[in-house]
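Chains A and B are the protein sequences, given in the same order.
Residue numbers are given in our numbering: position 340 of the first sequence equals residue 340, and the series is strictly consecutive.
Residue numbers are given in our numbering: position 150 of the second sequence equals residue 150, and the series is strictly consecutive.
Treat the hints as calculated values from the structure; they're not laboratory data.
Check before you lean on any hint, since a few could be wrong.
[What the hints assert, rightly or not] Looking from chain A toward chain B, a few residues come up when the C-beta cut is under 10 Å (computed):
id, residue
1, Phe120
2, Ala167
3, Ala168
4, Trp172
5, Ile209
6, Ser236
7, Leu240
8, Gly248
9, Ala249
10, Asp256
11, Gly260
12, Ser267
13, Gly282
14, Phe293
[Said to hold, decoys possible] Label-pair restraints from in silico Cβ distances:
id, chain 1, residue 1, chain 2, residue 2, range
15, B, Gln169, A, Leu123, 15 to 25 Å
16, B, Lys87, A, Leu123, 24 to 34 Å
17, B, Arg13, A, Trp520, 46 to 56 Å
18, B, Pro168, A, Glu572, 25 to 35 Å
19, A, Phe65, B, Leu158, 48 to 58 Å
20, B, Val55, A, Ile74, 55 to 65 Å
21, B, Thr162, A, Trp13, 18 to 28 Å
22, A, Tyr156, B, Gly140, 18 to 28 Å
23, A, Ala585, B, Val152, 21 to 31 Å
24, A, Ile598, B, Thr159, 31 to 41 Å
25, A, Phe359, B, Ile111, 39 to 49 Å
26, A, Gly584, B, Asp15, 26 to 36 Å
27, B, Leu158, A, Arg388, 57 to 67 Å
28, A, Glu572, B, Thr154, 40 to 50 Å
[What the hints assert, rightly or not] Okay, the calculated bits of chain B under chain A, using three or more residues with CB under 8 Å as the criterion:
id, stretch
29, 46–60
30, 134–145
Where a beta carbon is used, it is the ideal one built from N, C-alpha and C, also for glycine.
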Amino acid sequence: MEHHHVEHKLPFWRKYIFSTDHKVIGIQYGITALFFLLFGFCLMMLMRWQLAYPGEPLPYIGKWFGETRMPGGIMLPEFYNQLGAMHGTIMVFLGVVPLAVGAFGNFVVPLQIGAPDMAFPKLNMASYWVYFIGGVIMLASFFVPGGAAGSGWTSYPPLADIALGSAALTHWATLGEYFSKVVLSGQTLWIIGMVFLITSSLLGSVNFIVTIFQLRAPGLTFMRLPFFVWAQLVTSFLLLLAFPPLEGAGILQLMDRLAGTSFFLPSGLVVSGQQLAVSGGGNALLWQHLFWFLAHPEVYVLILPAMGIVTEIIANNIRKPIWGYKSMVYAVIFLGFMSFIVWAHHMYLTNMGTVISAFFQTTTMIISVPSIVILTCLFISLWGGSIRFNTPMLFALAFLPMFGIGGLTGLPLGLATPDIHLHDTYYVIGHFHYVVAPGTIFALFAGIYYWFPKVTGRKMNEVLGQLHFWPSLVCMNVVFMPMFIQGMAGVSRRLYDGGASYAHAEPVLYLNNVMSIAAWIMGVVQIFFIVNIIWSMFAGKKITSDNPWDATTLEWDTPSPPGHGNFTKPIEAYRGPYEYSVPGAKKDFTPQSQKEVI
Amino acid sequence: MSSELIPYTIEERPDTGLYNAKFGIWLFLASEVMLFGSLISSYIILRTGSVSWPVGSTILNVPMATFNTMILISSSISIVFAWASLKENNLKKFRMFMFLTILAGVAFLGIKGYEYSIKFHHHLFPSTSTFLGIYFTMTGAHALHLIGGVIVNTYMLLTSGTKFKESPQRFTNRIEVAGLYWHFVDLVWIFLFPLLYLS
Chain A
1 MEHHHVEHKL PFWRKYIFST DHKVIGIQYG ITALFFLLFG FCLMMLMRWQ LAYPGEPLPY
61 IGKWFGETRM PGGIMLPEFY NQLGAMHGTI MVFLGVVPLA VGAFGNFVVP LQIGAPDMAF
121 PKLNMASYWV YFIGGVIMLA SFFVPGGAAG SGWTSYPPLA DIALGSAALT HWATLGEYFS
181 KVVLSGQTLW IIGMVFLITS SLLGSVNFIV TIFQLRAPGL TFMRLPFFVW AQLVTSFLLL
241 LAFPPLEGAG ILQLMDRLAG TSFFLPSGLV VSGQQLAVSG GGNALLWQHL FWFLAHPEVY
301 VLILPAMGIV TEIIANNIRK PIWGYKSMVY AVIFLGFMSF IVWAHHMYLT NMGTVISAFF
361 QTTTMIISVP SIVILTCLFI SLWGGSIRFN TPMLFALAFL PMFGIGGLTG LPLGLATPDI
421 HLHDTYYVIG HFHYVVAPGT IFALFAGIYY WFPKVTGRKM NEVLGQLHFW PSLVCMNVVF
481 MPMFIQGMAG VSRRLYDGGA SYAHAEPVLY LNNVMSIAAW IMGVVQIFFI VNIIWSMFAG
541 KKITSDNPWD ATTLEWDTPS PPGHGNFTKP IEAYRGPYEY SVPGAKKDFT PQSQKEVI
Chain B
1 MSSELIPYTI EERPDTGLYN AKFGIWLFLA SEVMLFGSLI SSYIILRTGS VSWPVGSTIL
61 NVPMATFNTM ILISSSISIV FAWASLKENN LKKFRMFMFL TILAGVAFLG IKGYEYSIKF
121 HHHLFPSTST FLGIYFTMTG AHALHLIGGV IVNTYMLLTS GTKFKESPQR FTNRIEVAGL
181 YWHFVDLVWI FLFPLLYLS
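The shape of chain B in the complex, shown without the other chains:
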């Protein structure tokens, strides 16, 4: 494979202190900040320019979202434990924590889907009002990111046996990178929750 030619795929480059993928994911997250930043800016501009804007809690289900917030924060902790277990060379422990992380992601999506279905049931659609429009758009974009994260994490879990044996250091790095992404998706929700539900 051509990747064997390329330096710093596993070890860190001394002057930057980073291996390639870690540098890459930070850059990617910077662009994600700009993406969600633009959506949040749009939210602010639409809200400040509107004649009437509903209080989120009167339309949206705050208890469900609070529960979802807790799930997501726990999953951020569990993916750190998953990474730490690899550092301890404990593949079994890694698998457990990674499974919990994925489970949390799926649970979040399930609850989010249930919330959506209740809204649709009450004939509350994106086209109903600008508030609902931006709610569905922002949480939808976040959910897509979460689905991406769940797919990556599942792939990591399923291939962990062979990949970890191949190169423990490289696999641990991959989990670190996946973890950084997961934390970011978590962090986006920490912004969306108060913006949409609580204010």
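Extracted from the complex, chain A is given alone in its bound form:
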């Protein structure tokens, strides 16, 4: 294609800042999301101090947080709540999803389908910047009077509705006062930030779906798509259709907080001994339904791209085809559909009734089947492979049992009866962190190590990679495994003192120290990863071929890094995605773009 000269003419700010190139946008997403992951993790490391040593001043850095948050270095309960709510929000909406979908999806999907760019490059740019603004609003909310949102990442009303700055409970006379007291309150900014993030993912998901349907290279039929692309396609549909109801819910809560409506406030609600002066007649449960209608599909938004990444890396490193590729594709489509009708399994303890609970526990048991199909296919694929144990493969392999633990511990939560005991305990925290932290985040690390050569033309360091992997794997388990024990002992997930004031938590209280120390060690070993990324970018081993892993999918047919327009020659796919060790072939991999088996 003759357009290569175009990129040189663009000024710096068009090429690297307001770029419309999917690769630059992918990298922008990646860097921003990694920053937010680190930031969200830091919030958690602060909380772990309070949980391990409740009421003791945090040495050295405690005084930096000021009198309104940590007077004398001792964390206030309000600040603890803010850290908890914002840790969840930031990790999910600003960290993992933008990294899994925004960064990997943007960079890899067009390359894997043989496209020159995304279908709507300007929309793609807008998607990133809207996300960026949403992130800035979330960060800024820490600095408004009263601090950030503190009603949990789920923002359940009535608590979130009447949190500091609600129009119905705040005295204001002028518009300026209204702005500074009502609009600039943590919870209101949380909703406004969410609206930006929802808009961003809406723009992104439209773009992904159109790109995958419209811009596939000739010969790349749907059953020849790499599993990663399938995962991104289903993910995009989930984002497209599940996020708007949260936007609707956000609008309603925003009205409650800004205009004094009572969509989520029932009649006769008493706050601080006084009946609330609102019209009433609202329904607090309505928020939960709307929220979980998004947030359950969101769980699959977190996990599907991870499964996609892991499939690519496992196929590449076992040097044989993925076992049951087609079943995996059907499973992921089925999973996408089912994820829309399981949401109320988060709500068994509300008064929605046993009949509805029975329905949702049935669908919940059904949805575990496709996840197991995918995981089983990946496990069986390992059988008889001559496995290469490089850093990306280690992370990908660790994903399998870690996600397995996360998935299996979810079954008791999906059944209404055991959920009565386990609901809102540390067991729940352990369960979903196993899915997302050593599950998804490990897969994302694997993806970074795997595609780094494509992005930079250099490999990441293996030794630093192993130093990053092994301690992280151990620490992850030491952090999250004890949560199951604490949860089964009945320790609630939202306690400011980690259960110290409850007699029934006494026997499992020592685990708080264990978990906290493991979390801090894990924080320290991430330095290996940060050093590795920065060092390898400038001084890593240069790759000698554009296909350093001897892979089969189309992204390895581009230069490393790919230039504007990606492919230097017209690209066509002649075969399925994972044709490794084809009988009769001399090489042990046969790329999709290769016409004959040689």
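Given chain A's structure and the hints, the job is docking chain B onto it.
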């Protein structure tokens, strides 16, 4: 521009039968269905859970809304004519019909604003009752969508001279996409009108 690289921006891809933007707008509208669907579901849940719910026509102005409904339906017809005129290569006719469409949108918003001001004048605010709350929220969200549509249509009208000359096919496609959005916003009102005013 990088968009020159990208296939199917103007012509249709044979196996999907769509050009990119048309596919995109249908997906966007699907998500809009979910947005207004969630608001309408909330309306139903709030209404069925309430002790007393007013009959809309006792509070809201039905004649004005009926008139508004007719305006909006006419504008949906006129934007189709605008698109058809481009197909006939008649830019002048397109401009007339597009102008009428925009005019209808502005008229709707004007009447809606007048309705709002009467409510405020009578001290009927979103916080007065859940019915008024959901009325203002749903019609407000709809009005914002309409404002977006008016802005897009105005942009199309103002740039039609140069853009149509540049690529008639591409500009016609753009009007088709804008028209699909406009029909959707129209359709939302067709749901809101009976839900809020007539029942």
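Legend entry - Hints breached by this structure: Violated: hints 4, 23 and 24.
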